[in-house]
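Chains as they are written, first to last, in the numbering used here: chain W, 3 to 287; chain L, 3 to 287; chain P, 3 to 287; chain Y, 3 to 287.
Bear in mind the hints are in silico, worked out from the structure with no lab data behind them. A portion of the hints provided could be inaccurate.
Note that the list lumps identical chains together, so a pair holds whenever it fits in one copy or between two copies.
The calculated DSSO-like cross-link candidates involving lysine-lysine, where the alpha carbons are at most 27 Å apart (straight line), are [stated by the list, open to error]: (1) K99 x K151; (2) K213 x K282; (3) K92 x K255; (4) K282 x K24; (5) K92 x K151; (6) K255 x K213.
All of these numbers come straight from a predicted model, not from anything done at the bench.
So you can see what is in the structure, the chains are spelled out below.
Protein chains: 4
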Amino acid sequence: MSAATTLVALLHGPDQPGLVAKTAGWIFARGGNILHADQHRDLEEGIFFQRIEWEPSAAASASAEADAFREFAGVIGMQARVINTAHRPKVALFVSKADHCFHDLVLRWRASEFPCEIAAVVANHEDLGAAARGYGLAFHVLPVTAETKAEAEARQLALLREIGAELVILARYMQVLSADFLEKFGRPVINIHHSFLPAFAGGRPYHQAYKRGVKLIGATAHYATRDLDEGPIIQQDVARVTHRHSVEDLVRKGRDLEKMVLAQAVRWHLEARVLVYGNKTVVFD
Amino acid sequence: MSAATTLVALLHGPDQPGLVAKTAGWIFARGGNILHADQHRDLEEGIFFQRIEWEPSAAASASAEADAFREFAGVIGMQARVINTAHRPKVALFVSKADHCFHDLVLRWRASEFPCEIAAVVANHEDLGAAARGYGLAFHVLPVTAETKAEAEARQLALLREIGAELVILARYMQVLSADFLEKFGRPVINIHHSFLPAFAGGRPYHQAYKRGVKLIGATAHYATRDLDEGPIIQQDVARVTHRHSVEDLVRKGRDLEKMVLAQAVRWHLEARVLVYGNKTVVFD
Amino acid sequence: MSAATTLVALLHGPDQPGLVAKTAGWIFARGGNILHADQHRDLEEGIFFQRIEWEPSAAASASAEADAFREFAGVIGMQARVINTAHRPKVALFVSKADHCFHDLVLRWRASEFPCEIAAVVANHEDLGAAARGYGLAFHVLPVTAETKAEAEARQLALLREIGAELVILARYMQVLSADFLEKFGRPVINIHHSFLPAFAGGRPYHQAYKRGVKLIGATAHYATRDLDEGPIIQQDVARVTHRHSVEDLVRKGRDLEKMVLAQAVRWHLEARVLVYGNKTVVFD
Amino acid sequence: MSAATTLVALLHGPDQPGLVAKTAGWIFARGGNILHADQHRDLEEGIFFQRIEWEPSAAASASAEADAFREFAGVIGMQARVINTAHRPKVALFVSKADHCFHDLVLRWRASEFPCEIAAVVANHEDLGAAARGYGLAFHVLPVTAETKAEAEARQLALLREIGAELVILARYMQVLSADFLEKFGRPVINIHHSFLPAFAGGRPYHQAYKRGVKLIGATAHYATRDLDEGPIIQQDVARVTHRHSVEDLVRKGRDLEKMVLAQAVRWHLEARVLVYGNKTVVFD
Numbered sequence: 003m004s005a006a007t008t009l010v011a012l013l014h015g016p017d018q019p020g021l022v023a024k025t026a027g028w029i030f031a032r033g034g035n036i037l038h039a040d041q042h043r044d045l046e047e048g049i050f051f052q053r054i055e056w057e058p059s060a061a062a063s064a065s066a067e068a069d070a071f072r073e074f075a076g077v078i079g080m081q082a083r084v085i086n087t088a089h090r091p092k093v094a095l096f097v098s099k100a101d102h103c104f105h106d107l108v109l110r111w112r113a114s115e116f117p118c119e120i121a122a123v124v125a126n127h128e129d130l131g132a133a134a135r136g137y138g139l140a141f142h143v144l145p146v147t148a149e150t151k152a153e154a155e156a157r158q159l160a161l162l163r164e165i166g167a168e169l170v171i172l173a174r175y176m177q178v179l180s181a182d183f184l185e186k187f188g189r190p191v192i193n194i195h196h197s198f199l200p201a202f203a204g205g206r207p208y209h210q211a212y213k214r215g216v217k218l219i220g221a222t223a224h225y226a227t228r229d230l231d232e233g234p235i236i237q238q239d240v241a242r243v244t245h246r247h248s249v250e251d252l253v254r255k256g257r258d259l260e261k262m263v264l265a266q267a268v269r270w271h272l273e274a275r276v277l278v279y280g281n282k283t284v285v286f287d
Numbered sequence: 003m004s005a006a007t008t009l010v011a012l013l014h015g016p017d018q019p020g021l022v023a024k025t026a027g028w029i030f031a032r033g034g035n036i037l038h039a040d041q042h043r044d045l046e047e048g049i050f051f052q053r054i055e056w057e058p059s060a061a062a063s064a065s066a067e068a069d070a071f072r073e074f075a076g077v078i079g080m081q082a083r084v085i086n087t088a089h090r091p092k093v094a095l096f097v098s099k100a101d102h103c104f105h106d107l108v109l110r111w112r113a114s115e116f117p118c119e120i121a122a123v124v125a126n127h128e129d130l131g132a133a134a135r136g137y138g139l140a141f142h143v144l145p146v147t148a149e150t151k152a153e154a155e156a157r158q159l160a161l162l163r164e165i166g167a168e169l170v171i172l173a174r175y176m177q178v179l180s181a182d183f184l185e186k187f188g189r190p191v192i193n194i195h196h197s198f199l200p201a202f203a204g205g206r207p208y209h210q211a212y213k214r215g216v217k218l219i220g221a222t223a224h225y226a227t228r229d230l231d232e233g234p235i236i237q238q239d240v241a242r243v244t245h246r247h248s249v250e251d252l253v254r255k256g257r258d259l260e261k262m263v264l265a266q267a268v269r270w271h272l273e274a275r276v277l278v279y280g281n282k283t284v285v286f287d
Numbered sequence: 003m004s005a006a007t008t009l010v011a012l013l014h015g016p017d018q019p020g021l022v023a024k025t026a027g028w029i030f031a032r033g034g035n036i037l038h039a040d041q042h043r044d045l046e047e048g049i050f051f052q053r054i055e056w057e058p059s060a061a062a063s064a065s066a067e068a069d070a071f072r073e074f075a076g077v078i079g080m081q082a083r084v085i086n087t088a089h090r091p092k093v094a095l096f097v098s099k100a101d102h103c104f105h106d107l108v109l110r111w112r113a114s115e116f117p118c119e120i121a122a123v124v125a126n127h128e129d130l131g132a133a134a135r136g137y138g139l140a141f142h143v144l145p146v147t148a149e150t151k152a153e154a155e156a157r158q159l160a161l162l163r164e165i166g167a168e169l170v171i172l173a174r175y176m177q178v179l180s181a182d183f184l185e186k187f188g189r190p191v192i193n194i195h196h197s198f199l200p201a202f203a204g205g206r207p208y209h210q211a212y213k214r215g216v217k218l219i220g221a222t223a224h225y226a227t228r229d230l231d232e233g234p235i236i237q238q239d240v241a242r243v244t245h246r247h248s249v250e251d252l253v254r255k256g257r258d259l260e261k262m263v264l265a266q267a268v269r270w271h272l273e274a275r276v277l278v279y280g281n282k283t284v285v286f287d
Numbered sequence: 003m004s005a006a007t008t009l010v011a012l013l014h015g016p017d018q019p020g021l022v023a024k025t026a027g028w029i030f031a032r033g034g035n036i037l038h039a040d041q042h043r044d045l046e047e048g049i050f051f052q053r054i055e056w057e058p059s060a061a062a063s064a065s066a067e068a069d070a071f072r073e074f075a076g077v078i079g080m081q082a083r084v085i086n087t088a089h090r091p092k093v094a095l096f097v098s099k100a101d102h103c104f105h106d107l108v109l110r111w112r113a114s115e116f117p118c119e120i121a122a123v124v125a126n127h128e129d130l131g132a133a134a135r136g137y138g139l140a141f142h143v144l145p146v147t148a149e150t151k152a153e154a155e156a157r158q159l160a161l162l163r164e165i166g167a168e169l170v171i172l173a174r175y176m177q178v179l180s181a182d183f184l185e186k187f188g189r190p191v192i193n194i195h196h197s198f199l200p201a202f203a204g205g206r207p208y209h210q211a212y213k214r215g216v217k218l219i220g221a222t223a224h225y226a227t228r229d230l231d232e233g234p235i236i237q238q239d240v241a242r243v244t245h246r247h248s249v250e251d252l253v254r255k256g257r258d259l260e261k262m263v264l265a266q267a268v269r270w271h272l273e274a275r276v277l278v279y280g281n282k283t284v285v286f287d
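Could you put together the complete structure from these sequences and hints?
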């Protein structure tokens, strides 16, 4: 809403007295105006978390203030990410054949729900090419087989570097990214997958859920890590199902859940509301 | 609400043409009046399910009609349970120290939400004795240790037989019933337990969920089977949690979920709305 | 999923003994096979409702069977709609400038979620023309002003007649259809609108809800009637909001609700699951 | 959970730069340790809100620190409530005949969910006397008729003064408190009532909702004001209903909603998480 540049810092580190006063005091002393500040302390682990958004002094350069804050955070023992909200990060969408998350994300982006640029759509199949180009998006097909996976990932990494991608969204990409890829990319990757109570191992989970007669199906959005589907959870939701729902109904309801949960996770990430530590997130919603 | 006796039949068996016509025709021909009829076909497995509730002819004896329907069901290849809704089954509540599900169930029962008699409260600890007696309920303490478990179960079975229990509700009983107990009792046992996405093995699940940063916690009510926590699911629900919730908050929210989910499952069971086949339920809600 | 033609009947009329037996018996006697049958009795008003889906005998013509059933229904005192599920009704989408429901409906339709043909997109503004044509849909702009409303409605009616529209979906059309239009069209019109607890009269409801500090916002899909926003309710849902949500957030969450609720209502309508009587629906979901 | 005394301040006033730094700095300078701090700015109205919880210096008296903070808040232009979390306020429950909210609140209180004392149960009917006394609670019957209302309210006020009540909870009290009563009591009164989409005026709302075929029923907890049912909303929730639910089912589901929503509102109030301004709340949950 505001034309002014604002900065958002996500901090965490060992808890100690006076942290709220120190960060707020630092900003105030430099002529900044705090718009939002949200703190959390994990009392079990003794960790302090903060999301703080402020307008830096009109006299200062935003990037210089961001650098200064990072330095200050180190002095008080905190790790900090500082984001300039005027910056619109480049995002790559990884897709396969399923199009529901793809269309949903692109339409929300066009409706100004996501402060980012969609710099590329990367696919292992041709299926979504026409739709992507119809939206005016660059579409790259990089087929992946067991034999060519290493090579395909190398090409994906080269592409991500070339476009300056700061985030990858796996919009039902259906391929596991290697630990090597994740390490080399070195930036966040958000994934969406179905979730059930109880959990089902193996393939065709909606069929398994149907056979087990579950009353709820779910979806979980999380950051991708080496252990697939085990990364820090950003958002989850469920939908109610009954015996009147066929496997096809479960799959359809699952698509709706995946769209909603992934979109919410992406929005929170882009608004710098998600702070990761260990295998857990703090979401300042 | 109605003073009249009604019968409810829960049928299932191999699907075949004409089943709806046959059951409805049988009832109509004998002067009965169908109040509700709900059918379901599992198209994958070729099974027909029906819940049908009717007022038998005023000229007939309800129990004779129930017997006649059971015989008729066998003729058309269906398994059937037939329940007289005027009958209020005897129920035993198994409790331990936690009182939230206990109070919730008893208060709902006193508010006429459950068509049953609570014939006994069976506990492995004294803690809920005063409360049970305050409600005017018979309270039986049968302590259970690893050494005395077989003997305690024998005494529980004797008690259940004595009171004519037709249902056991494990209201946070916290003890695993042996396969031998379940077989000898031979009637339904409903259990409630917490559920998480993802699932957590081992003890202190709320602590594990907290550490993992889950965004939803859940509860599942199911029939107890040999495989603990793996029996047919009757009802499930979830509640949203955030980093602002402590482990204590998760436990408190878990209590609310357990109360609501268990009460709903018990109500459906007592209203003869739950049909079990294999490891799955069809709930005619 | 099935290649076979099936018929669905939606019946209602004065309750009387034997109705389930009569409808099922009629179908069985003519060699039909009932796939689903769901009954409901409104005990307060003494009305019987039924949705029954069956495969007619392979030897019979589906349309002849449908006609025969309608005649039979009249004989037993019931009003009946009978739908051939192989028939894909022509649907007209009415839109204005907002595109979220428009894209959502079209994408679901392309994903085979809706058994219908989208025969026309009718708009009072040009804004969605390119998108509609991009989907390969016929787009008709019929501007509406207070002075031209009667004429515009006449042209809309002519268009609907020409394409044989059997359903109009108001996908955020933002114009009130006159009672005269609804009567002349004579077929169902489904509308979506926001709902709040408490309700707010007047304009800018999200601003009013924000000022009132509501904790839930909602959306309601209903059939359009003379009394705008007062027709029979098909589906409703809500989303939780807090003080941390701005008016823009409420509007965004409202869009998501509108999409989900409208899509569900349209699906139920097209699957012949919605039976209207008086100002109320029975949804056989 | 903590043995240490903590203070909670709820502040609001005209927004201005440096407020976060000032409050945090004041606490830090006096040797206090901030446990939680949550800020909010209403950008439309230019108001700053804060909930801040801290451990005062062990060397200081908590009540002296509370007084000092109040004075400080005035200096920076803020209105402030400061609560000592060691203080357990006296609460009066107002009840009539319905017992669901009564039992629910008392059982939660006994389960240590509410940091308060239930100092009195005030009723206009005898019905809940035995239950209240069974819980060891003081029970006062003050019958209310149109003629005796003023006198009954005077006696209620005298009783509230005598026990030092700091909060009244209307647990389905079913009587409207006069504006005069509210003014003379001068402390918060929390009420629970049903909510529907759309809203229904007049009596027997569940019957009206049933006739209208609503798909959701709701409950709203709010502070009582002169305009009944129009005070600042604290919490709301809904439950899904279908045509299969009778009026009795709606009433039963309504009871569950009322219990959950009222309990949540009371907990938030007692934990000093609810800040009222105008006709709106900010809930720091």
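Now for the hints, and whether the structure bears them out:
Taking the shortest Cα distances, K99 and K151 sit within 27 Å of each other inside one copy (18 Å), while across copies they are farther apart (45 Å). With identical chains, the CA atoms of K213 and K282 are at most 27 Å apart between copies only, with a shortest distance of 7 Å across copies and 32 Å within one. In this assembly of identical chains, the alpha carbons of K92 and K255 lie at most 27 Å apart only when taken from different copies (25 Å versus 30 Å within one copy). In the homo-oligomer, the alpha carbons of K282 and K24 lie at most 27 Å apart inside one protomer (26 Å), although the nearest pairing across protomers, at 32 Å, exceeds that limit.
For the homomeric pair K92 and K151, the shortest alpha-carbon distance inside one copy (24 Å) is at most 27 Å, but the shortest distance between copies (46 Å) is not. In this assembly of identical chains, the alpha carbons of K255 and K213 lie at most 27 Å apart only when taken from the same copy (16 Å versus 29 Å across copies).
In terms of the numbered hints stated before, the structure departs from none.
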